[in-house]
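Using the sequences and the hints given, assemble the complete structure.
Protein chains: 2
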Amino acid sequence: MAEKITPRATDYSQWYLDIVLNAKLADYAPVKGCMVIRPRGYALWERIQAGLDGLFKETGHVNAYFPLLIPESFIRKEAEHIEGFAPELAVVTHGGGEKLEEPLVIRPTSETVIWAMYKRWIQSWRDLPILINQWANIVRWEKRTRPFLRTREFLWQEGHTAHATAAEAEEETLRMLGVYRQFAEEWMAIPVLAGVKTDAEKFAGAVRTYAIEAMMQDGKALQAGTSHFLGQNFARAFDVTFQTKDKTLDHVWATSWGVSTRLIGGIIMTHSDDKGLVLPPRLAPTQVAIVPIFKTDTRAAVLAFAAKLRDALSATGVRVVLDDDDQNTPGWKFSEYELQGVPARIECGPRDIEKGQVVVARRDTGEKAFVPVAEVPSRVRALLDSMQQALFERALAFRNEHTRRTDDYTEFKTQLEGPGGFIESGWCGEAACEAKVKQETTATVRVLPIEPGDPTGATCVACGKQAVRIATFALAY
Amino acid sequence: MAEKITPRATDYSQWYLDIVLNAKLADYAPVKGCMVIRPRGYALWERIQAGLDGLFKETGHVNAYFPLLIPESFIRKEAEHIEGFAPELAVVTHGGGEKLEEPLVIRPTSETVIWAMYKRWIQSWRDLPILINQWANIVRWEKRTRPFLRTREFLWQEGHTAHATAAEAEEETLRMLGVYRQFAEEWMAIPVLAGVKTDAEKFAGAVRTYAIEAMMQDGKALQAGTSHFLGQNFARAFDVTFQTKDKTLDHVWATSWGVSTRLIGGIIMTHSDDKGLVLPPRLAPTQVAIVPIFKTDTRAAVLAFAAKLRDALSATGVRVVLDDDDQNTPGWKFSEYELQGVPARIECGPRDIEKGQVVVARRDTGEKAFVPVAEVPSRVRALLDSMQQALFERALAFRNEHTRRTDDYTEFKTQLEGPGGFIESGWCGEAACEAKVKQETTATVRVLPIEPGDPTGATCVACGKQAVRIATFALAY
Numbered sequence: 001m002a003e004k005i006t007p008r009a010t011d012y013s014q015w016y017l018d019i020v021l022n023a024k025l026a027d028y029a030p031v032k033g034c035m036v037i038r039p040r041g042y043a044l045w046e047r048i049q050a051g052l053d054g055l056f057k058e059t060g061h062v063n064a065y066f067p068l069l070i071p072e073s074f075i076r077k078e079a080e081h082i083e084g085f086a087p088e089l090a091v092v093t094h095g096g097g098e099k100l101e102e103p104l105v106i107r108p109t110s111e112t113v114i115w116a117m118y119k120r121w122i123q124s125w126r127d128l129p130i131l132i133n134q135w136a137n138i139v140r141w142e143k144r145t146r147p148f149l150r151t152r153e154f155l156w157q158e159g160h161t162a163h164a165t166a167a168e169a170e171e172e173t174l175r176m177l178g179v180y181r182q183f184a185e186e187w188m189a190i191p192v193l194a195g196v197k198t199d200a201e202k203f204a205g206a207v208r209t210y211a212i213e214a215m216m217q218d219g220k221a222l223q224a225g226t227s228h229f230l231g232q233n234f235a236r237a238f239d240v241t242f243q244t245k246d247k248t249l250d251h252v253w254a255t256s257w258g259v260s261t262r263l264i265g266g267i268i269m270t271h272s273d274d275k276g277l278v279l280p281p282r283l284a285p286t287q288v289a290i291v292p293i294f295k296t297d298t299r300a301a302v303l304a305f306a307a308k309l310r311d312a313l314s315a316t317g318v319r320v321v322l323d324d325d326d327q328n329t330p331g332w333k334f335s336e337y338e339l340q341g342v343p344a345r346i347e348c349g350p351r352d353i354e355k356g357q358v359v360v361a362r363r364d365t366g367e368k369a370f371v372p373v374a375e376v377p378s379r380v381r382a383l384l385d386s387m388q389q390a391l392f393e394r395a396l397a398f399r400n401e402h403t404r405r406t407d408d409y410t411e412f413k414t415q416l417e418g419p420g421g422f423i424e425s426g427w428c429g430e431a432a433c434e435a436k437v438k439q440e441t442t443a444t445v446r447v448l449p450i451e452p453g454d455p456t457g458a459t460c461v462a463c464g465k466q467a468v469r470i471a472t473f474a475l476a477y
Numbered sequence: 001m002a003e004k005i006t007p008r009a010t011d012y013s014q015w016y017l018d019i020v021l022n023a024k025l026a027d028y029a030p031v032k033g034c035m036v037i038r039p040r041g042y043a044l045w046e047r048i049q050a051g052l053d054g055l056f057k058e059t060g061h062v063n064a065y066f067p068l069l070i071p072e073s074f075i076r077k078e079a080e081h082i083e084g085f086a087p088e089l090a091v092v093t094h095g096g097g098e099k100l101e102e103p104l105v106i107r108p109t110s111e112t113v114i115w116a117m118y119k120r121w122i123q124s125w126r127d128l129p130i131l132i133n134q135w136a137n138i139v140r141w142e143k144r145t146r147p148f149l150r151t152r153e154f155l156w157q158e159g160h161t162a163h164a165t166a167a168e169a170e171e172e173t174l175r176m177l178g179v180y181r182q183f184a185e186e187w188m189a190i191p192v193l194a195g196v197k198t199d200a201e202k203f204a205g206a207v208r209t210y211a212i213e214a215m216m217q218d219g220k221a222l223q224a225g226t227s228h229f230l231g232q233n234f235a236r237a238f239d240v241t242f243q244t245k246d247k248t249l250d251h252v253w254a255t256s257w258g259v260s261t262r263l264i265g266g267i268i269m270t271h272s273d274d275k276g277l278v279l280p281p282r283l284a285p286t287q288v289a290i291v292p293i294f295k296t297d298t299r300a301a302v303l304a305f306a307a308k309l310r311d312a313l314s315a316t317g318v319r320v321v322l323d324d325d326d327q328n329t330p331g332w333k334f335s336e337y338e339l340q341g342v343p344a345r346i347e348c349g350p351r352d353i354e355k356g357q358v359v360v361a362r363r364d365t366g367e368k369a370f371v372p373v374a375e376v377p378s379r380v381r382a383l384l385d386s387m388q389q390a391l392f393e394r395a396l397a398f399r400n401e402h403t404r405r406t407d408d409y410t411e412f413k414t415q416l417e418g419p420g421g422f423i424e425s426g427w428c429g430e431a432a433c434e435a436k437v438k439q440e441t442t443a444t445v446r447v448l449p450i451e452p453g454d455p456t457g458a459t460c461v462a463c464g465k466q467a468v469r470i471a472t473f474a475l476a477y
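Protein chains in written order, with my numbering: chain A, 1 to 477; chain B, 1 to 477.
Derived by calculation from the structure, the hints in this document are not laboratory data. Treat the hints with care, since some could be wrong.
[To be verified] 27 angstroms max Cα-Cα, derived DSSO-like pairs, lysine-lysine:
no. : chain 1 : residue 1 : chain 2 : residue 2
1   : B       : K333      : A       : K247
2   : A       : K24       : A       : K143
3   : A       : K119      : B       : K333
4   : B       : K413      : A       : K57
5   : B       : K99       : A       : K32
6   : B       : K275      : B       : K4
Just so it is clear, the structure is predicted and the values come from calculations on it, not from any experiment.
Here it is, written out as structure tokens:
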């Protein structure tokens, strides 16, 4: 740990970058706005992938791979889609030394190329549903970028499903929103608000966009996953019809849903502290670091003891490393594993061995305890479970403290300038009022919650007229 | 299985395409030369990835992710590298609606962007070795393409390692060649020749390229993996130096190594037959398909019986599906699972249930046997192991039958026009002779085998002078 981390209170934005760079999660790429995901960051992404992929497969999905390059004309087939994505496209104009007849865009999302293929694969209701997911890289030429949170290239998964009825597609849209919510809360230990986006905030080409929204430590919201009911929009644009059970012809119904490497940014900004990264144990690539403390004459004995401990932990399924490096001091190693966000650290020296105990230190609270050697595996597993739960509860308490109900625009603005957080306010349902708030405060409607608050008696925070919905506003990443 | 498969004897090339398309492994993408990897093909790739990734991690490697887009100037920094890759580049000239200041190429391989990053990460011998692998998509604007074997976009892994000494880098190069050989033989059941490439055939930018070469059913060779000793070429091009243990400054030593979705083409062309795909059980996404045989009145009983069987197999770790579809006949299903290459099929009807037995059919040999229900899990596992071994042995026997030793150019040409295969011939070591053979026959030196044949008394197949090496020639994909 050569560099220092800027404290959150001093500069939250710089603190975030310090964590990303010093914990070696990512680095800036030579091309502006792109990043390199370093091994520690990628190991976390691999854990996220494994967890999500398991949930996708449990819900009947299979993986496939569609092409990176899409004919420019495809992107133009769905009117709202091109309007949304045109400003962000990267365009390939030359291949193999020659100018291409038609420019190709690098996928900013894959609906268009996938629906061009679904047209070939779907003839009858027997071919439905199609429940495909893809793990892939995506390029969107964003202007303001930040590692993990918004980069010109990012990694994600995108599910694209095709159904015979609107009801089935709606059910799938909500099922996947539920999967995202479950993953956020149970794996990432991040409480999320689930809801529907307003028309102004929905995906370009969707009928309805659902999202999960998380609250970061600086009072700004982070959209952590979206699930879209696409209706028949893409089926119409690509002329994908099927023969129904009763022999009529209908357009196919669609959904799409995705989460990205942005989740890593969400984990950092939900749990970490001024010492470095804090990772939920369930996703931490390394859950326990054993730091042996020895001098030349005690080295062999301590390392042998530590190796046995490592093997005992490993045998119970704990992801553990033993740091037997001779170059760095134990103190240096303690700081390093704190920076890396390893949930538990075990210290053991000659005296501990004599007493048949070790010190177990917990990353989030800093608590230390002496633990008899025989109890280490069970105590460590309990600690990891307890820390997973504690991180979620701490984040939930923070979110609750940072959620305010008001219809008063002055209070609304004061809240935004101060602690931030979610603001639940009445909304008349007019796009103009939503736009006014956005223009004047930069706050947006994050979601209209799935279980809506009762708008009786509430007034629109922007125009003062009677509210039809309680909307959740926030500043957002 | 609506379409028929062209027999291999009629048209091997068409047979290959029929397998790929009818077994739904892949489909043609809208952009020429690109493919869509369909769920069945991707499931196979996932198994390949899991197997290889395990071997990479066992040998100390970690995964990371580097950017898709590389400044064009980077590709030009290593003289041989740009010469090799310039004709195949896809170039991004516009982003976000504006012309880019410098064109970006889509990675055709990642040495250049990775070594630009290694320059930042490596200062001292303490930073070495770096043992990084990346799973990624690659674009090379090839003229003649064929699904899996050669496509403009493909998926692969690329290892890029950095070392303090030439010896360490050489050792790594050979270690990874060994990993590829092990994976090819033990997972894919494909025997491979390991050896070094001639200068004419080596990777653009390598000091030495090692490869594994497999023999396909039509007598043509397939390069199935390469491992490159890059020397200090990329370190020099990107000015990557480090402080050695004795405080001097040296350029870093490098390797890179990769295999791609082309392996799927190799599996198809090594094992499959006129009925469809044949998959090695270790990689088959589905190892056993249970086809219940029933009428309306026996449906419930047969399905209950079949479900118990499925659960029993699944509990022993066998990847099994129960096909309880009511629409298709058992006969249709038998053909379908043969087409898909499922290694074992279990048939069970009311009479089998009475007798407490089922029929187990093996995909490669077509053998069928009655097996008592209680023995099904153990017998199926034995069958899968035995089939894995048998596929390898059959492929090895085929390769041995298709390997010929001759220094006579007329015989050499007759062999190429007839059965093809590997031809071991004397070579004087001159590039001119290698080029002459290639121009006149299109055969190339596939490898100079790692354990070289004794050239004593051998003469160069092209010029008749004394040979310095026995080289392995073949026509190749």
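Evaluation of the provided hints:
{"no.": "1", "hint": "K333/B <-> K247/A", "verdict": "25 angstroms, holds"}
{"no.": "2", "hint": "K24/A <-> K143/A", "verdict": "24 angstroms, holds"}
{"no.": "3", "hint": "K119/A <-> K333/B", "verdict": "25 angstroms, holds"}
{"no.": "4", "hint": "K413/B <-> K57/A", "verdict": "52 angstroms, violated"}
{"no.": "5", "hint": "K99/B <-> K32/A", "verdict": "14 angstroms, holds"}
{"no.": "6", "hint": "K275/B <-> K4/B", "verdict": "9 angstroms, holds"}
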